[in-house]
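With the sequences and hints as input, model every part of the structure.
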Amino acid sequence: MTTDQSAAGGPQPADAPGAEGAADRAAKKPAAGGTGPGSGTGARETDGRTTDAGRAPGKAADGTSADGTSADGRAGNGGSGTDRTTSGKAERGRAESGNTAGSGRTAEAKAADGENADGTSADGKSVDGGSGRDKSDSTAAGKSGPGNTADDKTADDKGGSAETADGKSGASGTDGAKDGSGRTDGAKDGSGKSDGKDGSGKSDSRDGSGKTAGDKDGEADPFAAFAPAPEPVPTRVRRIGRAIGRGLIHEWTLATVGSLLLAVLLTWPTLRYPRHTLPQDYWDPSLQAWQMAWSGHILLTNPAQLWHANTFFPESWSFAFSDTLLGYAPAGMLGTGPEAAILRYNIIFVLAHALATLGAYALARQLGAGRIGAAVAGVSYAYAPWLLAQAGHLHVVSNGGIPLALAMLARGHGYSLRHGYRPEHRRVGWVYAGWSVAAWQLSLGFGIGLPFAYVLGGTVVVAAVTWFLRRWVIRPEKRPFGLQLFQADLVGGALFAAVGLLMALPYFRVAQLHPQAERSIDDISMFSPPAIGFFTAPAESRVWGSLHEGARATLPWHPEMTLLPGFVLYALAAGGLFFSVWKLRHRLLLLAGVVVTMVLAMGTRFFDGTFTYVPLFEHLPGWNGLRTPGRLMLWTTLLLGLLAAGAVSAFAARVREISAERIPSWPSPGLRLATLVPLLLVIVEGLNTTPHPVVPPQPAAMRTVDGPLLVLPSNQSLDQPVMLWSTSRFQDVVNGGSGFIPHQLDEVRRVTAAFPDQTSVDYLRTLGVRNVLLMRDQVRGTPWEITIDAPVDGLDITREEIGQVVVFRL
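When we follow the numbering used here, the leftmost residue of the sequence shown carries the number 11, and every step to the right adds one.
Fair warning: there could be bad hints in the mix.
Claimed, not checked - FRET-style restraints, in silico, Cβ to Cβ:
1) ARG637 / TYR580: 21 to 31 angstroms
2) ARG760 / ARG637: 16 to 26 angstroms
3) SER556 / PHE491: 48 to 58 angstroms
4) SER556 / THR311: 44 to 54 angstroms
5) VAL471 / LEU344: 19 to 29 angstroms
6) VAL704 / GLU795: 18 to 28 angstroms
7) LEU626 / PRO313: 32 to 42 angstroms
8) PRO313 / ALA473: 31 to 41 angstroms
9) VAL704 / ARG637: 23 to 33 angstroms
10) MET343 / VAL267: 18 to 28 angstroms
11) SER727 / GLU667: 54 to 64 angstroms
12) PRO631 / LEU599: 19 to 29 angstroms
13) SER727 / ASP532: 17 to 27 angstroms
Calculated from the structure, these hints are not laboratory results.
Computed from a predicted structure; not experimentally measured.
We treat Cβ as the ideally placed atom computed from N, Cα and C, and that holds for glycine.
Right under this line is the structure:
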């Protein structure tokens, strides 16, 4: 069998219907570029098909071959390559499958509509008339027949939407005119094939050069200019830049930066003169600045002596005389001297507020609050008015690890208040991180860390019991936990317990050596606030300070009894009981927590604490070391903040719903501002008037005189700056300030009241003291105002003036 090259460029059987030589095709080529719709010379139109009885077998009367192509290879419908039928055209049945082109088909037994007896067209394809549009005859996979190039594939073989390489299918309209029957002229030839198809079922006939008809006309697709330009592949630098950009606008980046900026503003002017001033006063802050400096210094030089500090000489375990802020030791490794210690303290003071804001924000978000609601929780937790009175106690202000650890643990366990326990959201890494942050928080001190340890332990027990009951007893259901998560809790809990035990051992030793360090019920009663304290602001509150002066006057010890968390917070929390994103049972649990913590914060003021605080004081290990019950208000503030976050989140969600109903769906400025009002009110209520006194400068003698030494005069408030002054050389000093006075130091102060005399000199030599520094600017009104210039003959000591300090060398 000989083959000819068809107009479409593919091999054709010589006996295939419509197969001709190139000379025949050239002879039959129309003068005007082929017969288009409506030309039909010598043909009659009845129902849209040509019926010229005088045409040769295999050829249409309009000059097209039997396969529907013109003599020059163009489609018989004028070169559009697509056919469209009207919706009123009678549908023809679809054959099950069609044969491929050039597979030995014969041309006989064609029906008048171009179909074989088996329902297939002359080219072996099934005839599809069900859609009202002629479909392209490409295969189901969209591939062309043998010999076709990639351009001969159709883009889609769905009915009425096939697209050839040189033009759109009938779905987008044809260029040929329609006849009276609604069919396109030349839509079907005698074999029933669509225009633009040859006997092999190929679409878009090509000439000998391989170009399509559209290419030969030199016409480009006019819609190509509207196509989107391909996106260039970004370079590595560009990818890195995009990643950094996404990180900069991430929620947690913005939350961190916002917390830092707010901390700088709301603690101002802490960073105005950070090397010379301290917030609140320079007594306890000087002690805590020394603590950070000492821990950093000794861990670098002699870690074994950590708990045996250079102060309170010759006492041992003196570093455990108060909360240690040991978790800040890495910061203490940077810089030396008093100015570096003051700068370090002020920076940590600001960062502590930022961490408290971020931690409470993270907890509220993890539990299911919205962004603005979580911001309210964070700000109210860090800047509650009652905390303004604690500005001089860094170990109280440093509470951000508590909510942050709880947020991490909740995230690691896949838990939130709004969605409950979701095993698919478990993350072991967050569990390790949560326990690590909890251990770090405990290392800052037991004043805040001990209640946190008991709350965390109780939470673990309650969660484990609840999980067991719901898994095996009450409504048993599969609640997977996972071995890895269990191991993480086991390792993390062991780490937390180990840190707590190692921190507690020195305190137990101090309690044995100094029984007076233990608190009594009478001590607790002295610092227990009455109920009015929960509605009284400290003097440092810019909004309420002056207004509550009369109420503060009725409190026995107002610095620890003014416990107002904020009237705005009270109002938002009360609203959260009725309108909130939290479920009702969760709101009731939060309310119960608020009531319990407030009762415990009252100490012995609530029915003498017989059934509340006193049992904890007598039976919980370490609880008798807590002096001020009012600091439990920290937990009340956190719970009130979560209630408020639920209310504000529900309000913000309602605003979004109202906005969605607007046209356009965008909140008006008034609505957007309304969602920020609660946050702004909480911020305003946290404004302060905290004083920032200048720290007494270090005497030059403290940089040159060796220890052990004693600085006179000596008392609790004067000794704390002396501790700070010792950070240049960390020489041993007898002076020291803490939550209690050791008997040894008390005895030194009593004996040296007449210094310099023989009794005091001999006593100090017995202790190992080598030098005594007497401060001229502090002796007014003391016995040393007279004796500072007394002769020292016969005492076997020398006297030296260094600035405003008289140095006695023993």
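Status of each hint after checking the structure:
1. ARG637 / TYR580: 21 to 31 angstroms: holds (27 angstroms)
2. ARG760 / ARG637: 16 to 26 angstroms: holds (25 angstroms)
3. SER556 / PHE491: 48 to 58 angstroms: With Cβ atoms ~55 angstroms apart, the hint holds.
4. SER556 / THR311: 44 to 54 angstroms: holds (49 angstroms)
5. VAL471 / LEU344: 19 to 29 angstroms: violated (40 angstroms)
6. VAL704 / GLU795: 18 to 28 angstroms: holds (24 angstroms)
7. LEU626 / PRO313: 32 to 42 angstroms: With Cβ atoms ~34 angstroms apart, the hint holds.
8. PRO313 / ALA473: 31 to 41 angstroms: holds (37 angstroms)
9. VAL704 / ARG637: 23 to 33 angstroms: holds (29 angstroms)
10. MET343 / VAL267: 18 to 28 angstroms: The hinted range 18 to 28 angstroms holds for MET343 and VAL267, with Cβ atoms some 26 angstroms apart.
11. SER727 / GLU667: 54 to 64 angstroms: holds (58 angstroms)
12. PRO631 / LEU599: 19 to 29 angstroms: Given about 27 angstroms between the Cβ atoms, the range holds.
13. SER727 / ASP532: 17 to 27 angstroms: holds (23 angstroms)
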